[in-house]
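Q: In case you want the letters, here they are:
There are 4 protein chains.
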Amino acid sequence: MHRKLRIAMIGGGKGAFIGSIHRLAFSMDGHYELVAGAFSADPIVSQNAGEELQLSRDRVYPSFHTLIHQEALLPTAVRAEVICIVTPNHVHYEPAVLALDAGFHVILEKPMTFSLGEARSLHKKVLASDRFFMLCHTYTGYPMVKQARQLIQAGLLGEIRKVFVEYPQGWLHTYLEGSKQKQADWRTDPNRSGLGGAMGDIGTHAFNLAEYVSGLQVSRLCAAVNTIVTGRKIDDDGAALLQFNNGATGVLMATQVAAGAENNISIRIYGEKGGLSWKQEDNNSLQIVWPDRPAECWRAGTGYLSEYATHNSRTPAGHPEGYLEAFANLYRNFALAILAKENDALPSAVCTDFPGSKEGLRGMVFVEAMIKSSQQQTWVEFTH
Amino acid sequence: MHRKLRIAMIGGGKGAFIGSIHRLAFSMDGHYELVAGAFSADPIVSQNAGEELQLSRDRVYPSFHTLIHQEALLPTAVRAEVICIVTPNHVHYEPAVLALDAGFHVILEKPMTFSLGEARSLHKKVLASDRFFMLCHTYTGYPMVKQARQLIQAGLLGEIRKVFVEYPQGWLHTYLEGSKQKQADWRTDPNRSGLGGAMGDIGTHAFNLAEYVSGLQVSRLCAAVNTIVTGRKIDDDGAALLQFNNGATGVLMATQVAAGAENNISIRIYGEKGGLSWKQEDNNSLQIVWPDRPAECWRAGTGYLSEYATHNSRTPAGHPEGYLEAFANLYRNFALAILAKENDALPSAVCTDFPGSKEGLRGMVFVEAMIKSSQQQTWVEFTH
Amino acid sequence: MHRKLRIAMIGGGKGAFIGSIHRLAFSMDGHYELVAGAFSADPIVSQNAGEELQLSRDRVYPSFHTLIHQEALLPTAVRAEVICIVTPNHVHYEPAVLALDAGFHVILEKPMTFSLGEARSLHKKVLASDRFFMLCHTYTGYPMVKQARQLIQAGLLGEIRKVFVEYPQGWLHTYLEGSKQKQADWRTDPNRSGLGGAMGDIGTHAFNLAEYVSGLQVSRLCAAVNTIVTGRKIDDDGAALLQFNNGATGVLMATQVAAGAENNISIRIYGEKGGLSWKQEDNNSLQIVWPDRPAECWRAGTGYLSEYATHNSRTPAGHPEGYLEAFANLYRNFALAILAKENDALPSAVCTDFPGSKEGLRGMVFVEAMIKSSQQQTWVEFTH
Amino acid sequence: MHRKLRIAMIGGGKGAFIGSIHRLAFSMDGHYELVAGAFSADPIVSQNAGEELQLSRDRVYPSFHTLIHQEALLPTAVRAEVICIVTPNHVHYEPAVLALDAGFHVILEKPMTFSLGEARSLHKKVLASDRFFMLCHTYTGYPMVKQARQLIQAGLLGEIRKVFVEYPQGWLHTYLEGSKQKQADWRTDPNRSGLGGAMGDIGTHAFNLAEYVSGLQVSRLCAAVNTIVTGRKIDDDGAALLQFNNGATGVLMATQVAAGAENNISIRIYGEKGGLSWKQEDNNSLQIVWPDRPAECWRAGTGYLSEYATHNSRTPAGHPEGYLEAFANLYRNFALAILAKENDALPSAVCTDFPGSKEGLRGMVFVEAMIKSSQQQTWVEFTH
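If you read the sequences in order, they're chains F, B, V and C. Taking numbering that gives the first Met the number 0, I'd label the letters of the first sequence as residues 0 to 383. Taking numbering that gives the first Met the number 0, I'd label the letters of the second sequence as residues 0 to 383. Taking numbering that gives the first Met the number 0, I'd label the letters of the third sequence as residues 0 to 383. Taking numbering that gives the first Met the number 0, I'd label the letters of the fourth sequence as residues 0 to 383.
Keep in mind that the hints were calculated from the coordinates and are not lab data. Please read all numbers here as calculations on a predicted model, not as lab measurements. Heads up, a few of these hints could be off.
Copies of one chain are not kept apart here, so a pair can be met inside one copy or by any two copies together.
PhoX-like mimics (lysine-lysine), calculated; alpha carbons at most 25 Å apart, straight line [to be verified]:
1) K371 / K123
2) K340 / K272
3) K278 / K232
4) K13 / K371
5) K181 / K13
6) K13 / K124
7) K179 / K272
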């Protein structure tokens, strides 16, 4: 067991769904210790959250500016090393840049930024920095998602021809923002969410999953993006025809108005030789179909999986892991990569297999392409 | 039990997959007696098929022309009443028109015709005729598909917002036509299949299922249609963004190159209040999801189903019916409609709930729209 | 196509669930023509059923005695060849024996007889006869059940260690016989059903499935058989610990009071090397699990199945068959066996793979063992 | 957020599967801080484990005796408050008793003790103590298991009639202990495992699940317990017919030789009005069937669940939790109960809903009843 990394949070105060998820995720494997936070733009709310989390009062800050500034002044052995940013999208870019500049490793919620311009700038910043940066595309943390990618990399399915990815949710099927429900409120506000609503919030997850598992890149798309619920100011639904850089084609769907749908993000990929499918609802299984022999179900925790899948499991087969463990895998790999470098070792490829600023930038390109294609009713090329 | 209808087949000789399926389907409920056939364009093949089927030699014809001509000359009590046409697409229009003109009821395989022009003409012919006409969109014969339609008609899901339909097959993932395999051979030949390959063969099924269950009509679409297997002369894959006449949107996918996929046509529909899904692989179940209460699984053969679903079942719950029974439902309803009229009764709405020339015409409009949209890379309006 | 066999029915009049199932089953593949019947002990009911079925009036009989007697007097080319007996259990033995004695082939519903004594006697009679005899254990007609048996015969799972079979139904969870519902009425009447209620009705199916798939024989059991619904005169529920002739052990469960359960008979078998499972609800799949490699799903209609499974399918993979097709497989194989013999050919092993009097006798031994073991609260040996 | 409880571990050193699971479970929600341990009977192994876990050297002990003795001498604000015992079964009783006597709260792995006599004695000790005691029947920590229990308590299914519980594993399908694999080694050694092998290891889980969900108590059983793998010294498989205190009956199965099976513990219960089923493989769903309306699937994280289920979830619907979260629920509730009492508050019923010594004693009665019934081939009454 290595030493614990000291982590600070920006955002994640009361009512912030994802804040507590992050804390569960980074606590799980014992690689992090929460030492500081600026949990809200409201100093009182921030302080209350800090108390609730039993932080020392002097490490709870009234703003992300003060957090970054003050923590940087603390002795090396005391100050936070990693800053985790879980604020609404319009407060991603500035703290991320400030944190990197101040020498912190950064973990950032998706979508990477408010605008594509910010994304381009942040990506450059990350490339130029010697700090680690992670973007929280949780679903690529699942062991069977990693196994799927490995099987395709190994050529098991042959050349990839078709990629179908979808992310159906239903929680915004009514005008929930009218009730000021916190999650709905900012996610449906273009001033905080950015160009895309559902496209930024979950479309980017679907997009990232498609590129991660297939190992391909979307080169162009043709989309229909909709605002279905009356009164809403931003998209809550969309779909796109996809074309990939190897000539493969596919479909992406992401919606937040599928009344009754929970969160069953899923992917299916077909190659020349066979196909695979994975869905979050049954995340410990990876289904593979063949034209000429029985279908297979590969299972998490078994002995026949790749190093990538095995490394990202904690329990033996039949003891299901889930979303929190997938999230924890991101955090664990991030920590192992940092600690390896600290020990002058090269982090293994397995540990650096987490999404970064390149994936973040591509996500923002995706959002812009979706909106633009839909508005213009044409195919749109991906350009960075 | 009513008297049996006398049926004649055009097509369906040796190696014709769908021919034996039709015979199983129309035999199941005892409403038909096969009395004549022109089973192949090759008179020898036709005669052999007739023998195999124990038909009287003089009722086995060397061509559909002779069949229609000769049968029409037979005494009313002897001659075929229904002509079932299961030939490749380029031999749909002519026998259908001749048969209707000669006073036969007609059952026709999908897609309705070789070309959209033929479809328009045949539809007019049917409208002007007093004969019954059925197009074999088998999947709407499933009891739980009918139940799905009924639930939507009854407003259970509220206004429909999203329709996702897909039809993944894998049997054409290689250049199967190179081996002259009979099914692949004509289906991939534009001179026999028509404008669409996969789009005509299975895309029309998916399209019909979407319109039947939703009760809506596609008003425009934007498609990407592909020929994926090298050497193939026609599309084997495609997808489209859909827009419906009530403003709902959706996605259609149909592919024959999804290596390892069998035939799991499926549909998901979301309305303001909830969603439903059905897939052929689990055809006796209809899944319904709600935002605020447990998901439901409605099951074939139970006591709580609509008259439409109940009428189209034969076994009690838990005794699974399948594809042949769905097909047989089409045949049975067609017979009951004919027999009701024969007895000067109005056939019940339940019995006339089978696809006809309107559905056939819409299918051909769909095929053309798919190809055109894909070629032009634009949205295409549906016009008849 | 061979000539059609002429079949007569005893039982199966109005309200008899299984009568119409039999007619659907023997009609499906065109091997039978219904020529005669004694559909009820009530001559009027019988005559009405005959009319409904469009039989010639003189071939509809007021009793099974007259049917057997009169048909036997008809010319060879006219008279029924096969007699199908679908009466309540107390009217199994006599017509079966009379029919065999009169030279008819016999198809009999399960359980084979009212009493074990009758079963022993009938089994001897069948062994001594040159007529074919089939007992309707429908579930062994499913292609994937046959595949399961073949895989075990081929040693794929190694020596069999565990057999779990269950048959949960719910339709008798209330005192349905109080309403005189026809199915419940006789099945819960010891004077018509015999020693066992649920044990005879569905326990024998589960027992037969276990022995058929495993290829083993139960050698002893220890049972708890219950009458759960107040007022009922016969068992409606039971379970047993099983021991097989190779030393394997297992559990059998059969109940008709599992409120909400449909008819999902299922089996799981584990050997030294792996396990398999099949359930009727998903009858076109056979699941196989291995300790050291991915689980497999073998699917009906695919190209990698055994001759037994392939012979008992009609549709390509992904076009689900079900209960009626399984039932039709029994009838088809029975016909093919008869026709082969008629042509002085040896029927293939695939065609004679249907349950007979030996299975019927074992079923009756099972029922008696269940009741006796439960009453004595001890293990009971199987003896014939 | 309350203060963290200081916890010490007995057992759980290198190679101990369950040790790391416990640490993941008690770390998840931030209620515990690991402060001490005696991780192995081998002082070197214990010390290494302590280092790995970054414990202070002086809090890592060479034996459980020294741990309990020395920790008790530490100042109140420093010493461990909870002792978690994850040793093989023969080292359960002594440390548990010593720890309670020394004033520690105790968390103990199942089965509770090596022998039934020890269980009786420990149960008395717990009753007489003012310390909290928890037995790790993890599966009752799942939210949908709790929901199942609540639905039954609320009478939704009516009087319970049938209980089927099973626990199939395959990891001991070969003579694994021959390789000295650590888990197999002690679990198959009667001197360390106790009277039961599989019956103690997983049979007790199945038994506990049955009693917890049904709210009933087994009053008698008739079992067949087997040692299937050659050379093994203890049972690796078994099944029993069950009778419950309300007259309900059922079946329990537990095996570790089902080659290919993972860990899919499951339960099905039928009452007068309907039935429910839950299986670990799909732990976020609870299936309910009704005789007269659609089946339902209740899902974790939704808004319609009982307080018990909601309290034991962390994520919204569609973000699957799993085994570690179920385990963490036990730990969390245990902590909340302790902290409530510390604050002079009555812990809520939701928090004290974890298994204790009564469940542990019943488990040991179960093991003895299974073995005895199997040896004597008779029904055995449950007596405490």
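Q: All the hints need checking, so say for each whether the structure fits it.
A: Outcome of the hint check:
When the C-alpha separation of K371 and K123 is checked against a cutoff of 25 Å, the pair qualifies only within one copy, where the shortest distance is 24 Å, while the shortest distance between copies is 42 Å. For a Cα distance limit of 25 Å, the shortest separation of K340 from K272 qualifies neither inside one copy, at 40 Å, nor across copies, at 45 Å. Taking the shortest alpha-carbon separations for K278 and K232, neither the intra-copy value of 30 Å nor the inter-copy value of 35 Å comes in at or below 25 Å. Taking identical chains as interchangeable, the C-alpha atoms of K13 and K371 are never at most 25 Å apart, the minima being 35 Å within one chain and 53 Å between chains.
Only within a single protomer do K181 and K13 lie at most 25 Å apart by alpha-carbon distance; the minimum there is 10 Å, versus 45 Å between protomers. Proximity of K13 and K124 under a CA criterion of 25 Å is satisfied in neither setting, with 31 Å inside one chain copy and 43 Å between copies. In this assembly of identical chains, K179 and K272 lie within 25 Å of each other by CA distance solely across copies; the values are 21 Å between and 50 Å within a copy.
Checked against the numbered hints listed earlier, the structure breaks hints 2, 3, 4, 6; every other hint is satisfied.
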